[in-house]
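Trainee: Residues per chain are reported as follows:
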Amino acid sequence: MKIAILDYKNCSLIPIYYSIKTHNVSVEIIQNLNEMDKFDKLVLPGVGATNQIMGYLNENNLTDKIKLFAKKKKILGICAGMQIMAKKLYENDKCEGLGFFDADVISINSKVYSQTTNIGWSNINTDNSSYYFCHSYYLNFYDKNDNEIIASINLKKKVPAVIKKNNVIGVQFHPEKSQRNGRNFLYNFLYDKL
Amino acid sequence: MVEIFCTIFYMINFSNNIRIIPSLLLNNNRLVKGKLFSNYVDAGDPIKTCVAHDSQFCDEISIIDLYAYKNNTTPDYKILEKISSEVTTPILFGGNIKDIKTVEMLIRNGADKVLVNSNIFEKKLTKDITNFFGKQSLVGGVDVISFEGKYKIYNRGKIIDTNYIDYLKRVFDQNVGEIKVTFVNLEGTRKGLDIETAKKIIEISPVPVIIEGGTKNLKNLETAIKNGLNAVALGSMLVFSDNHIFKVKQYLENSGINVRLRN
Numbered sequence: 000m001k002i003a004i005l006d007y008k009n010c011s012l013i014p015i016y017y018s019i020k021t022h023n024v025s026v027e028i029i030q031n032l033n034e035m036d037k038f039d040k041l042v043l044p045g046v047g048a049t050n051q052i053m054g055y056l057n058e059n060n061l062t063d064k065i066k067l068f069a070k071k072k073k074i075l076g077i078c079a080g081m082q083i084m085a086k087k088l089y090e091n092d093k094c095e096g097l098g099f100f101d102a103d104v105i106s107i108n109s110k111v112y113s114q115t116t117n118i119g120w121s122n123i124n125t126d127n128s129s130y131y132f133c134h135s136y137y138l139n140f141y142d143k144n145d146n147e148i149i150a151s152i153n154l155k156k157k158v159p160a161v162i163k164k165n166n167v168i169g170v171q172f173h174p175e176k177s178q179r180n181g182r183n184f185l186y187n188f189l190y191d192k193l
Numbered sequence: 000m001v002e003i004f005c006t007i008f009y010m011i012n013f014s015n016n017i018r019i020i021p022s023l024l025l026n027n028n029r030l031v032k033g034k035l036f037s038n039y040v041d042a043g044d045p046i047k048t049c050v051a052h053d054s055q056f057c058d059e060i061s062i063i064d065l066y067a068y069k070n071n072t073t074p075d076y077k078i079l080e081k082i083s084s085e086v087t088t089p090i091l092f093g094g095n096i097k098d099i100k101t102v103e104m105l106i107r108n109g110a111d112k113v114l115v116n117s118n119i120f121e122k123k124l125t126k127d128i129t130n131f132f133g134k135q136s137l138v139g140g141v142d143v144i145s146f147e148g149k150y151k152i153y154n155r156g157k158i159i160d161t162n163y164i165d166y167l168k169r170v171f172d173q174n175v176g177e178i179k180v181t182f183v184n185l186e187g188t189r190k191g192l193d194i195e196t197a198k199k200i201i202e203i204s205p206v207p208v209i210i211e212g213g214t215k216n217l218k219n220l221e222t223a224i225k226n227g228l229n230a231v232a233l234g235s236m237l238v239f240s241d242n243h244i245f246k247v248k249q250y251l252e253n254s255g256i257n258v259r260l261r262n
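Chains as they are written, first to last, in numbering that gives the first Met the number 0: chain X, 0 to 193; chain E, 0 to 262.
Worth flagging that the hints you see were computed from the coordinates, not collected in a lab.
Watch out, some of these pointers could steer you wrong.
Cβ-Cβ distance ranges computed for the label pairs, FRET-style [what the hints assert, rightly or not]:
#1 Gln30(X) - Val40(E): 42 to 48 angstroms
#2 Asp191(X) - Asn118(E): 31 to 37 angstroms
#3 Asn91(X) - Met104(E): 38 to 44 angstroms
#4 Glu202(E) - Glu58(X): 41 to 47 angstroms
Note that the structure is a prediction, hence the values are computed from the model and not measured.
Glycine residues also receive a C-beta, built at the ideal position from the N, C-alpha and C atoms.
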């Protein structure tokens with residue numbers, strides 16, 4: 000099995016690289032998607048402002064290639080890499096996302112949480128397992144009961160933590176920074192157990 | 000009665016989000032620990048130390064590159080990369096962060112957030128960080144010092160502001176996603192956290208607050224958390240005593256605090 004991590008410059012790479020490598024699969028950090036057939040799965044890493052990431056993807060003609068990849072093979076988006084999977088993104092300058100999910104990315108406001116950032120460990124509502132979250136924006140689904148929301152965390156409102164639609168999976172938390180639970184999550188993604 | 004009230008207060012506000020954060024000072028491939036921002040002594044190997052904290056499920060690790068700060072050099076990405084190859088714990092990294100290129104390298108190599116202290120009012124820097132990486136990756140570092148009975152802001156050996164509340168408000172205006180406040184007079188002394196002042200800071204903060212400086216013992220930490228300090232960085236208490244993360248968290252759990260003992 001060969002896994003690709005897309006390097007869009009302003010992102011975290013080394014932790015996810017080693018977190019995947021530990022599962023005895025081949026992993027490569029790539030700057031373009033010219034050799035898509037070589038890879039079985041694609042990871043869109045986290046830590047970055049979503050408008051910057053989309054700007055980079057559009058400039059480098061990567062947006063359509065990611066959409067094409069998703070038709071055939073699995074993609075995992077982490078944190079900002081998950082948020083760009085939504086339709087409209089409102090971080091810094093408003094922009095269009097990849098549009099996989101019927102949701103917009105909006106800032107954490109007082110209706111959602113008592114603070115403007117959610118930093119730390121939160122338990123997801125499915126099995127109560129804890130993961131590390133570090134975000135100031137979140138996915139606001141058009142339909143709150145959308146069955147593409149697999150797991151959420153309870154702030155003042157429910158905030159999506161794991162989303163899935165066909166080949167596309169997004170996580171608001173950082174599996175590469177979530178110790179044992181994160182390691183198990185990545186294993187399940189790599190071996191198609193999600 | 001007061002204790003019961005404090006427990007209820009803490010449960011409402013901070014369920015499942017207590018963070019116990021080892022605070023590490025990096026100096027040329029070694030860790031050091033000081034007292035009152037000086038008198039540094041060797042405190043071990045950085046990678047082995049991070050691995051140990053990680054295996055005990057610490058909630059985050061704070062690393063300040065003291066060498067970079069003192070010698071005006073770029074922070075040590077190489078050691079961060081090595082730590083990231085073995086550790087899956089979130090990392091806050093600081094030390095002479097002056098430009099966006101440095102931030103890019105730190106985040107690439109495993110920092111989840113960067114701590115900016117002396118350069119927090121460098122508009123271009125803070126704007127670049129929040130524009131490229133989002134505000135959650137920018138942590139404002141604030142060092143307070145008690146002087147003539149009042150807290151003032153301390154930076155590189157000088158008092159730079161006499162009103163710490165005003166100063167904090169200006170730090171929040173830099174669009175920080177979190178702040179880390181270090182009590183300089185208490186740092187390394189184990190005299191006990193200044194819970195009252197910390198509470199005041201937390202009350203006015205729109206973002207999470209990490210408090211560091213002076214944690215005396217486990218009981219002191221328990222009282223602090225029950226009073227609303229939900230992210231505490233520990234230095235001396237972990238280095239120069241028989242306390243370790245698992246023991247600390249086990250104590251807190253036995254005190255009725257909802258910590259993440261394992262995952």
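Trainee: Which earlier hints turn out false for this structure, listed by number in ascending order?
Mentor: Hint check: 2, 3 fail, others pass.
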